[in-house]
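There are 2 protein chains.
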Amino acid sequence: MTAELREEVHAAARRARVAAEDLVLATRERKDAALREMAAALRERSEEILKANTADLEAGRAAGLTENMLDRLALSEQRIDGVAEGLLTVAGLADPVGEVLRGGLLPNGLEMRQVRVPLGVVGMVYEARPNVTVDAAGLALKSGNAALLRGSSSAENSNTALVAVLRDALEAVGLPADCVQLLPCQDRASVNYLITARGLVDLVIPRGGAGLISTVVANATVPTIETGVGNVHVYVDAAADLDDAEAIVLNSKTRRTSVCNSAESLLVHADIADVFVPRIAEALHAAGVTVHADPVFAGLSGTEVVAATDEDWDTEYLSLDIAAKVVGTLDEAIAHINEHGTGHTEAIVTSDVKAARRFTTRVDAAAVMVNASTGFTDGAEFGMGAEIGISTQKLHARGPMGLAELTSTKWVVWGEGHVRPTS
Amino acid sequence: MTAELREEVHAAARRARVAAEDLVLATRERKDAALREMAAALRERSEEILKANTADLEAGRAAGLTENMLDRLALSEQRIDGVAEGLLTVAGLADPVGEVLRGGLLPNGLEMRQVRVPLGVVGMVYEARPNVTVDAAGLALKSGNAALLRGSSSAENSNTALVAVLRDALEAVGLPADCVQLLPCQDRASVNYLITARGLVDLVIPRGGAGLISTVVANATVPTIETGVGNVHVYVDAAADLDDAEAIVLNSKTRRTSVCNSAESLLVHADIADVFVPRIAEALHAAGVTVHADPVFAGLSGTEVVAATDEDWDTEYLSLDIAAKVVGTLDEAIAHINEHGTGHTEAIVTSDVKAARRFTTRVDAAAVMVNASTGFTDGAEFGMGAEIGISTQKLHARGPMGLAELTSTKWVVWGEGHVRPTS
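Protein chains in written order, with my numbering: chain G, 1 to 423; chain E, 1001 to 1423.
Each hint should be verified, as a subset may be incorrect.
[Stated by the list, open to error] Sample of chain E residues facing chain G (criterion: CB under 8 Å; computed from the structure):
hint	residue
1	Met1112
2	Leu1119
3	Val1217
4	Ala1372
5	Trp1411
6	Val1412
7	Trp1414
8	Glu1416
9	Gly1417
10	His1418
[As the list claims (entries may be wrong)] To be clear about the criterion: a stretch of chain G counts as covered by chain E if any three or more of its residues have a C-beta under 8 Å from a C-beta of chain E, and this derived list gives those stretches:
hint	stretch
11	305-315
12	378-390
[What the hints assert, rightly or not] Have a look at the derived ranges for each label pair, beta carbon to beta carbon:
hint	chain 1	residue 1	chain 2	residue 2	range
13	G	Leu105	E	Asp1271	28 to 38 Å
14	E	Asn1108	G	Asp271	22 to 32 Å
15	G	Pro421	E	Gly1109	49 to 59 Å
16	G	Thr309	E	Val1024	26 to 36 Å
17	E	Glu1008	G	Pro421	24 to 34 Å
18	G	Glu77	E	Asp1271	57 to 67 Å
19	E	Thr1002	G	Arg61	45 to 55 Å
20	E	Ala1011	G	Gly288	25 to 35 Å
21	E	Ser1351	G	Leu105	47 to 57 Å
22	E	Asn1108	G	Glu7	30 to 40 Å
23	G	Val100	E	Thr1066	37 to 47 Å
24	G	Glu7	E	Val1024	20 to 30 Å
25	G	Asn338	E	Ala1011	12 to 22 Å
Worth flagging that the hints you see were computed from the coordinates, not collected in a lab. No residue lacks a Cβ here, since even glycine has one placed at the ideal position from N, Cα and C.
All chains should be built: construct the whole structure from the sequences, respecting the hints.
In structure tokens form, the structure reads like this:
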């Protein structure tokens, strides 16, 4: 069985590679036509998609999934419309393939260009939401990559129906259906076969919890990109505008607690702690947030808080909880963030230019905000049109990943019989 | 002992991380001053370096190293002068850190910039040549990274002497000596501790043979970049200028056989095989090259060749040998290259624009040459000033790696109290 599953995954990867070779030659016109065809077909065939989704929801309910999980799994006419609209947005974005990044004439007359090219075969491993299936397929297609999609077993019927629609749309415009393939999802081993298909797969992006990501990183032999773990801090500096600080802390924490750009820790400079701590403690309490405070913060808060443990500084709550601490200096805040942060998004609230410059330079993260909510770290907000995840690693892509981040480059050099001197 | 070695490597990585935090704040002026100080000190202290190198050479001779290996290990006043000059070249290059890659105002007034930042701690694993120690340290320093150098045990005395000079130079300009550290090299396990020091090390670049690289890829949990394996092809198209073709084949094969950009396979279109095969076979023979030919090539060659085996198509000879084959079509050449190539450099010789465009688009490699020798794939030739290796992978960096390829990016976002709407 295991050898069979391995062969099934590898066979899909080989078909994807063949499809990717065709996709390299596809013009933007052809790719955009496929995206528009996909969007139209999703709307037309919503009934069959919703039927499959209902089967997943019933099985999920029987298996005891929480309401929150069922909500992430659920599709509706409106949600299908949303993902179709997303494909049209991607069709409207510029084609990253062929973009010339650097170039010029060398002293010997060689004409050199560094151009963006597709990566080839891109694998995605993700959890419940079936909309990720369509988003990932669309971004992969536009950037010229064949997609191997390994979704959650709980969404198998929905994903199967969605991928059938996407594949038909590809064929309708004359592109290979194997540009989009769904991998077996009932056995965890299929993830392992995907992330070790070296030479067949060019990149795997795990999108999910810390457990999935660390499994992938530990076992992968194909390149991977870590996404989405966000132990995000807001630091309120001695020179902060306290109205801005309150608004930014509340927005960063409570806008949507389940997303990776939401704040999980609050650091307050000692010089303003007397005034700001009771104010923000009350505001957070009023917003339903539980504050896990260090002794100094707790002592000043004047509102009910719980005592923070060492673990709180490293916890990504993804809930109405926040760790809170008073720090003596800017550098203490920076050191705390660099020790406990996950390199996602960090914010400073300050009116002091020197403090802001030191914070943005020394804090080691994908995004650093000055006087702005951490909630802005998002591909759509950053003007990328769409995102396939938020990279928290330093190589290849850092922060929101759009189309450009799904490409590699190639040096193309034209000469007229140039040879290199032997010296 | 093993636990001790592990702790020794990790302790070095922790010191490197502290040093890297200082380096983030170092101005270009300071970094360039360090590079110039290093260059001067290498020249001044050449006697102690050469004494250490003599000890390595004597030990190497006693251990039976080949003359070729001893030559790679050997330093001289002239070679020391060369690496010192290399540091001055790096000092003259623009600082990649702080470069703004993208940026602008978002619709809501947020001011956003994507800037280049150092990676942090960069490890290098390399073989005999001690000049790599200085080159790598210089490039790492200029790009704001602390370097952990794991050289060959056969060069231990030389590397120790070189690193002592470099560290003194760093201190002389007020930068932490721990920006450059030499790791223990007598035990292979130190490589494993380096490539699994997740969270302490940001990137490891293996520079060496295919064995080293595949060990690193299989076992690393820190990000790595594969370098330098080059099964490089020259394809002579039906529409080739045969004078150009002969010159390019000879230059690609014989300029320097031991380097990764030298050609290892020759593909000739059937339409010109009658004329070109005997001509190039004779020219290669005259240049001392052994041709491993397929039956068609062999039948046309008119000069002594040896019969190619299946292995020849995948062999990186790094010697005066070349595999040679006649192909029926351009697409057969492309398919052969994509199957057997290592994604380093591939060349076409043709006067046909359509053939050149198809080749450059479909061939999957870091560099694709049209009517030019494969020998041009090189950081210095590409105008990067220096290179730390040639990446044959698709993520992060592809082709010659200069200063820019040793950086990551960071999104820096300035607002004035901006919060994100909850919708």
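Evaluated hints:
1. Met1112: Since chain G brings a Cβ to about 7 Å from E:Met1112, closer than 8 Å, the hint holds.
2. Leu1119: holds (5 Å)
3. Val1217: holds (6 Å)
4. Ala1372: holds (3 Å)
5. Trp1411: holds (4 Å)
6. Val1412: Result: holds, 5 Å to nearest chain G Cβ.
7. Trp1414: holds (5 Å)
8. Glu1416: Hint holds; E:Glu1416 Cβ to chain G Cβ min 5 Å, cut 8 Å.
9. Gly1417: It holds, given that the least Cβ distance between E:Gly1417 and chain G is near 4 Å, below 8 Å.
10. His1418: holds (4 Å)
11. 305-315: With 0 residues in contact (Cβ-Cβ under 8 Å with chain E), the coverage given for the stretch 305-315 of chain G is violated.
12. 378-390: holds (count 3)
13. G:Leu105 - E:Asp1271: 28 to 38 Å: holds (32 Å)
14. E:Asn1108 - G:Asp271: 22 to 32 Å: holds (30 Å)
15. G:Pro421 - E:Gly1109: 49 to 59 Å: holds (55 Å)
16. G:Thr309 - E:Val1024: 26 to 36 Å: For E:Val1024 against G:Thr309, whose Cβ atoms are near 31 Å apart, the range 26 to 36 Å holds.
17. E:Glu1008 - G:Pro421: 24 to 34 Å: About 45 Å separates the Cβ atoms of E:Glu1008 and G:Pro421, which means 24 to 34 Å is violated.
18. G:Glu77 - E:Asp1271: 57 to 67 Å: Since G:Glu77 and E:Asp1271 have Cβ atoms about 59 Å apart, the given range 57 to 67 Å holds.
19. E:Thr1002 - G:Arg61: 45 to 55 Å: holds (52 Å)
20. E:Ala1011 - G:Gly288: 25 to 35 Å: violated (45 Å)
21. E:Ser1351 - G:Leu105: 47 to 57 Å: Violated, since E:Ser1351 and G:Leu105 (Cβ atoms, about 20 Å apart) do not stay within the stated range.
22. E:Asn1108 - G:Glu7: 30 to 40 Å: The hint (30 to 40 Å, Cβ to Cβ) is violated, given that E:Asn1108 and G:Glu7 are roughly 51 Å apart.
23. G:Val100 - E:Thr1066: 37 to 47 Å: Holds, since G:Val100 and E:Thr1066 (Cβ atoms, about 45 Å apart) stay within the stated range.
24. G:Glu7 - E:Val1024: 20 to 30 Å: violated (48 Å)
25. G:Asn338 - E:Ala1011: 12 to 22 Å: holds (19 Å)
When the structure is compared with the earlier hints, violations turn up for hints 11, 17, 20, 21, 22 and 24 and for no others.
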